[in-house]
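Now for the letters of each chain:
Number of protein chains: 2
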Amino acid sequence: MQQENPPEIALLSLGVSRSEEVPAYQQIHEQIRRLILERRLAGGLRLPSSRALAEQLGVSRTTATAAYDELAAEGYVQSRRGAGVYVAADLPDDYLAIRQHKAGAEKGRNAIESSEDRPFDRSFEVGRPDAEAFPSRLWSQLLARSARRDMPALLREPAPNGLPSLRQAIARHLRDFRGLACDGRQVLITSGVREALELLCQALLAPGAGVIMEDPGYQAARQLFAARGHDVLSVPVDDQGLAVDPEGEAFRAAGMALVTPSRHYPLGMPLSAARRLALLDWADRQGAWIIEDDYDSEYRYSGRPLDALMSLDRSGRVIYLGSFSKVMFRGLRLGFLVVPDSLVETCAKVQSNLGPQAALVAQPAMASFIAEGHLATHLRRTRRLYAERLKTLQRSLAEAFSDVLEPLPQDGGMHVVCELRAALTARCGDRQLCDRAADAGLALTPLSPHYVGSRARQGLLLGFTGADEGAMQSAAKQLKTAIAGPSRPRVRAG
Amino acid sequence: MQQENPPEIALLSLGVSRSEEVPAYQQIHEQIRRLILERRLAGGLRLPSSRALAEQLGVSRTTATAAYDELAAEGYVQSRRGAGVYVAADLPDDYLAIRQHKAGAEKGRNAIESSEDRPFDRSFEVGRPDAEAFPSRLWSQLLARSARRDMPALLREPAPNGLPSLRQAIARHLRDFRGLACDGRQVLITSGVREALELLCQALLAPGAGVIMEDPGYQAARQLFAARGHDVLSVPVDDQGLAVDPEGEAFRAAGMALVTPSRHYPLGMPLSAARRLALLDWADRQGAWIIEDDYDSEYRYSGRPLDALMSLDRSGRVIYLGSFSKVMFRGLRLGFLVVPDSLVETCAKVQSNLGPQAALVAQPAMASFIAEGHLATHLRRTRRLYAERLKTLQRSLAEAFSDVLEPLPQDGGMHVVCELRAALTARCGDRQLCDRAADAGLALTPLSPHYVGSRARQGLLLGFTGADEGAMQSAAKQLKTAIAGPSRPRVRAG
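Here the protein sequences line up with chains G and W, keeping their order. For the first sequence, the numbering used here begins at 1108 and goes up steadily by one. For the second sequence, the numbering used here begins at 1108 and goes up steadily by one.
If you're looking for bench data, these hints aren't it; they were derived computationally from the structure. It cannot be assumed that every hint is accurate.
Given that identical chains are not distinguished, each listed pair holds provided it fits within a single copy or across any two copies.
The calculated lysine to any residue pairs, modelled on SDA-like cross-linking and capped at a C-alpha distance of 25 Å, are [stated by the list, open to error]:
#, residue 1, residue 2
1, Lys1456, Ala1334
2, Lys1587, Glu1576
3, Lys1456, Arg1301
4, Lys1498, Gly1150
5, Lys1498, Ala1196
6, Lys1456, Gly1536
7, Lys1456, Glu1513
8, Lys1498, Glu1177
9, Lys1456, Arg1147
10, Lys1584, Arg1263
11, Lys1456, Asp1546
12, Lys1456, Leu1311
Between the sequences and the hints, there should be enough to build the whole structure, so can you do that?
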């Protein structure tokens, strides 16, 4: 009897609840699946017909058939034409899972959250956009709309250089906002500056070729070039930006230069017109490439923005890098590069071969965000907000820190550079100060590690965009305490 | 008069349409903004009070105020307390845009689409999941839900190692499906294998250190290691997988080995138990690292899956790599690595410093997709579907290609490897055959470029997961034509 009738016996436990949100056929499917997995319905056994099942459970025959179809599609049962439905001999789980029902304590389940929930004051973090100012409801709507509308195309389209509609929207945006005469073909979507630089090394540089970098400059790029075996040639900057000297050793040896012409990173001055022309001329004659990192040209609080270097380039030697992480939100991880016409094919192919890094999921929403004018609106609003915050920070620095910190003039961007005054450097360097602040739970960025040479200036980069006035005041108090030093005990909240 | 009354004159053109979807205050805001941009409302001019504006347009005063507030927030007008609303002297656009209203033809606007719309038969592409089988409606719902629910947290949370909920969901999934005893802390989210390998090079390898790779093997990884200045030590594989020889020159020189133990890429055999133990023993004694690329362990069509190599490791020398691109869809670009306990801190920090590449946008949806059981369901369904397709392809190869192609046995994965028979190699090599196919619009992957040494076998990698039976038959016809050769004229559809 047991041998003959187990399905019926086991199936007596089946039931359908009308009140649940789960459709009836899914409830049946899940219950039978569990009986099979628990071996209460053994392989090869014949199950009741869909009609009999429907009667037993008081559901329509369509519902019973749907449950069987789903089980068949997943491999739990087999329908033999005219001969009924049988439990499969080989269960799909045997091919998929090693320990399907392994119990046991979930060691460290909450370990991630607790380690990241530790309160840490990020008010002075550099390049951190304001979370409140971002139109997150609008963005969610765009994302939801595109999830429905564009998903089928995304499933099919590999789009290794990015979604065409986004590439076009960016090209139009750059034409309007940065004076770049480019089209969508020239725009390649990346996950950020790192992918862009790797792609360009691969596409344009001979192994071991020299790369000019500003000193001080962007450390992560320096490490990236060095890790790829390139000779990093550090060239100092002065108040006109990079000291371009085509006859100098570095410029004669380099095949590429990475520069921040709109606003030097980290110091903030633009590259002067004379230097721009000298740099373009050098690249043209040397056959070298200029990478223009336009990392925060979006924010200027007085005066008109300078033209992008790429818009002055007549020889097709400039590649333009941009990012949305600082104007939208960091987790977006979408950036782009604009290459001259002559490089479109090469760069597109290299990106495709390397394997693109930028997720397609957010690209349709980003395209709409730009094309429908929301990005422009958001830039206008945040520009105004950040201009206020810059004033607040400058006031606070003048009032409470003038004896220890000397801010450099600032009319754009997302951070203020302050040099440490002698009164302070006598007691500690910028790294030490930042370590001390970190111990007390305040994130601070030191200036000196941006330098390669021995002329490193001691200072701080103070971001002012991510925190409102209250948060900034509280961070300023923490900064005050950290400066007062000298060696508080290592305490951390939480 | 002109001087005194231009606002009123220009403002006569304002109007509000009730039928539009755009709220009235936004319509008013946009029209006034345009008048200001076109300089029809000059800087410093006083605008009508919100009461007067409301009366003129027949809207509520709240609506008029909202329009002015928005204009003020963006910097187009200034409200002076008790003194009315004035057009700003400095327009925000002057700080943002270089050529705001530049007209002109949009050169090449459709160039991207037309070049990518070219019909190209990708039926045999390797590692291409079936688009129809993906539950895209469900995914869209999850994405839309998470866009609403998780967006605020995403804006705030930098999560450089990935969203905690996703890291935990993956850890649980791997425990159940791959027998890995890991927790969420050990899981780092990446944009794919490339980010994972770069992170591991940076975190674990000395400059110039040797890396063992399988020959044949994964070309992109070989290029990546070489581009970073590492010595790529190619070790041949046989029918038991990588020929592990701890006393051999390569193994004595290496600090790391990249292997595919579950199914060798591209040939398909698993690494034998004896070799697994020898490899683990080597790593332990040498202090070297093993990277286990478990690239398509999800699909096995007979027999039980082998344990992950990492689950056998007692010395904490194995790092596990996985990806969702092949089981979900390619544009997702989410992968992960699992590191031993001892490496969690180092690797997490290095990833944070390098700058994470994986977008956060899809991570909450992916976490739900796993945690709610949809991934397991999807794997069960596609496993069954792909098993059918493998049979179809094998039948087609036996029936129509047995004189020219010799398929290797295959019981898992997403592609079949076929060697070219002598009858065919006498006429052309695998690269030449693939070039010829590409000219006729068929994507094909040759086997020989996966080899480094001179023992390269001539063959094809035929993916069978992305195309239904009809598409596969049509692709098989094209393959037949390409094999027939010899040199058809270069024709391309479209």
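These are the hints, each one checked on the structure:
Taking the shortest Cα distances, Lys1456 and Ala1334 sit within 25 Å of each other both inside one copy (23 Å) and across copies (17 Å). Proximity of Lys1587 to Glu1576 under the C-alpha cut-off of 25 Å is restricted to the intra-copy arrangement: shortest distance 16 Å within a copy versus 71 Å between copies. When the C-alpha separation of Lys1456 and Arg1301 is checked against a cutoff of 25 Å, the pair qualifies both within a copy, at 18 Å, and between copies, at 17 Å. With identical chains, the CA atoms of Lys1498 and Gly1150 are at most 25 Å apart between copies only, with a shortest distance of 23 Å across copies and 74 Å within one.
Taking the shortest Cα distances, Lys1498 and Ala1196 sit within 25 Å of each other only across copies (19 Å), while inside one copy they are farther apart (73 Å). In this assembly of identical chains, Lys1456 and Gly1536 lie within 25 Å of each other by CA distance solely across copies; the values are 24 Å between and 47 Å within a copy. In this homomeric assembly, Lys1456 and Glu1513 never come within 25 Å of each other (Cα to Cα): the closest approach is 48 Å inside a single copy and 32 Å across copies. With identical chains, the CA atoms of Lys1498 and Glu1177 are at most 25 Å apart between copies only, with a shortest distance of 22 Å across copies and 63 Å within one.
Taking the shortest Cα distances, Lys1456 and Arg1147 never come within 25 Å of each other, neither inside one copy (55 Å) nor across copies (48 Å). In this homomeric assembly, Lys1584 and Arg1263 come within 25 Å of each other (Cα to Cα) only across copies, at 22 Å, whereas the closest approach inside a single copy is 54 Å. In this assembly of identical chains, the alpha carbons of Lys1456 and Asp1546 lie at most 25 Å apart only when taken from different copies (17 Å versus 47 Å within one copy). With identical chains, the CA atoms of Lys1456 and Leu1311 are at most 25 Å apart within one copy only, with a shortest distance of 12 Å there and 30 Å across copies.
Hint compliance for this structure: hints 7 and 9 are broken, all remaining hints hold.
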